[in-house]
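Using the sequences provided together with the hints, build the complete structure.
So the sequence lines, in the order shown, correspond to chains A and B.
Convert by adding 10 to the 1-based position in the first sequence; the result is the number in the working numbering.
Convert by adding 10 to the 1-based position in the second sequence; the result is the number in the working numbering.
There may be inaccurate statements among the hints.
Same chains, same label: a pair holds when it works inside one copy or across any pair of copies.
Taking lysine to aspartate or glutamate and the DMTMM-like style, the derived pairs with C-alpha atoms no more than 20 Å apart in a straight line are [to be verified]:
no., residue 1, residue 2
1, Lys79, Glu42
2, Lys79, Asp94
3, Lys170, Asp150
4, Lys105, Glu121
5, Lys79, Asp22
6, Lys170, Asp75
7, Lys104, Asp153
8, Lys79, Glu57
9, Lys105, Glu60
10, Lys97, Glu42
11, Lys79, Asp165
12, Lys105, Asp137
13, Lys104, Glu168
14, Lys104, Asp137
15, Lys97, Glu121
16, Lys105, Asp122
17, Lys104, Asp122
18, Lys104, Asp158
19, Lys87, Asp122
Quick caveat, the hints were computed from the structure, so don't treat them as lab data.
There are 2 protein chains.
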Amino acid sequence: MHSEAKPGADIDAFREAALSCPIPAAVALIGERWAFLILRGAFNGLEHFEQFQAGLGIARNILSDRLAKLVAGDIMKRSADASDRRKVIYSLTKKGESLLPVMLAVRQWGEDWGHGGAQMVLADNRDRRPIQRINICAEDGRDVGLRDLIWLSRDEVERKADRAA
Amino acid sequence: MHSEAKPGADIDAFREAALSCPIPAAVALIGERWAFLILRGAFNGLEHFEQFQAGLGIARNILSDRLAKLVAGDIMKRSADASDRRKVIYSLTKKGESLLPVMLAVRQWGEDWGHGGAQMVLADNRDRRPIQRINICAEDGRDVGLRDLIWLSRDEVERKADRAA
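Below you can see the structure in the form of structure tokens.
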């Protein structure tokens, strides 16, 4: 992917965008080794502190710390277990659930590059057939790769849409 | 996404899979704040040490360290600049380039949740139209969400495919 200008030409703008962007901090939060394992556990139905603790083989203080950070980042939430109000459930928020494409893209990348996990396949419950690979698609559905991509300003895209309408 | 068994039932298997899986270590490598910014720079055409340094506003020793880790992890590679053999180029390996869906899924998530970056749009260079959102698709193309997904063993999927053939 590339911009119309040479990389060097807009390096100050790039730097400003990089430093002010909150995504790297969010990525660091969810990408930390234990946090990532907790998230993966949550996506797979783990709910109670004890389940995470046993399921991930994680020290209790580290688990407490990472759960607190994920809750503070609005990725996970605490709630009372409906079947036993003394118990706390940790589950994904909407923002956390919407990490699904990220988690699956990471899994696909790991499988493609020989990082285990290939015994299990993720399928659609309706037809029990494997889901499609995650690809980058052009508007008309063609798969596109890194060298097909270009950055455009939103203004330019909207002007073009107006002309087309 | 869920397995046929209750989460608690196969917690030992889950734990073993979690601890032996190399993906979390790879995620920690690329998800670290500076490493992620370096990767994003590389996807956007930064190549030389000085470009990364100026473009990311990163300390030289941290940049050296993170580039070395990304090279050791086979995400980036060093090569000589064809126009000036004394200069070194840092670029994405095939394994690094194949992180594109991960990077775009992260960007999309960040935009969806108000984390900046919405002035620029990623488009296909051929028709200069924005690319599609990254979604999880069933085999027949329907969008599926977290609650539609189920883990199946590869054996079961292949048996079904054999019967269908």
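These are the hints, each one checked on the structure:
{"no.": "1", "hint": "Lys79 with Glu42", "result": "both (11 Å within a copy, 16 Å between copies)"}
{"no.": "2", "hint": "Lys79 with Asp94", "result": "neither (25 Å within a copy, 47 Å between copies)"}
{"no.": "3", "hint": "Lys170 with Asp150", "result": "within (16 Å within a copy, 32 Å between copies)"}
{"no.": "4", "hint": "Lys105 with Glu121", "result": "between (25 Å within a copy, 11 Å between copies)"}
{"no.": "5", "hint": "Lys79 with Asp22", "result": "neither (32 Å within a copy, 26 Å between copies)"}
{"no.": "6", "hint": "Lys170 with Asp75", "result": "neither (48 Å within a copy, 44 Å between copies)"}
{"no.": "7", "hint": "Lys104 with Asp153", "result": "between (28 Å within a copy, 17 Å between copies)"}
{"no.": "8", "hint": "Lys79 with Glu57", "result": "within (16 Å within a copy, 34 Å between copies)"}
{"no.": "9", "hint": "Lys105 with Glu60", "result": "neither (24 Å within a copy, 36 Å between copies)"}
{"no.": "10", "hint": "Lys97 with Glu42", "result": "neither (27 Å within a copy, 33 Å between copies)"}
{"no.": "11", "hint": "Lys79 with Asp165", "result": "neither (37 Å within a copy, 38 Å between copies)"}
{"no.": "12", "hint": "Lys105 with Asp137", "result": "neither (27 Å within a copy, 32 Å between copies)"}
{"no.": "13", "hint": "Lys104 with Glu168", "result": "neither (29 Å within a copy, 34 Å between copies)"}
{"no.": "14", "hint": "Lys104 with Asp137", "result": "neither (26 Å within a copy, 34 Å between copies)"}
{"no.": "15", "hint": "Lys97 with Glu121", "result": "neither (36 Å within a copy, 34 Å between copies)"}
{"no.": "16", "hint": "Lys105 with Asp122", "result": "between (27 Å within a copy, 9 Å between copies)"}
{"no.": "17", "hint": "Lys104 with Asp122", "result": "between (28 Å within a copy, 11 Å between copies)"}
{"no.": "18", "hint": "Lys104 with Asp158", "result": "between (32 Å within a copy, 16 Å between copies)"}
{"no.": "19", "hint": "Lys87 with Asp122", "result": "between (32 Å within a copy, 19 Å between copies)"}
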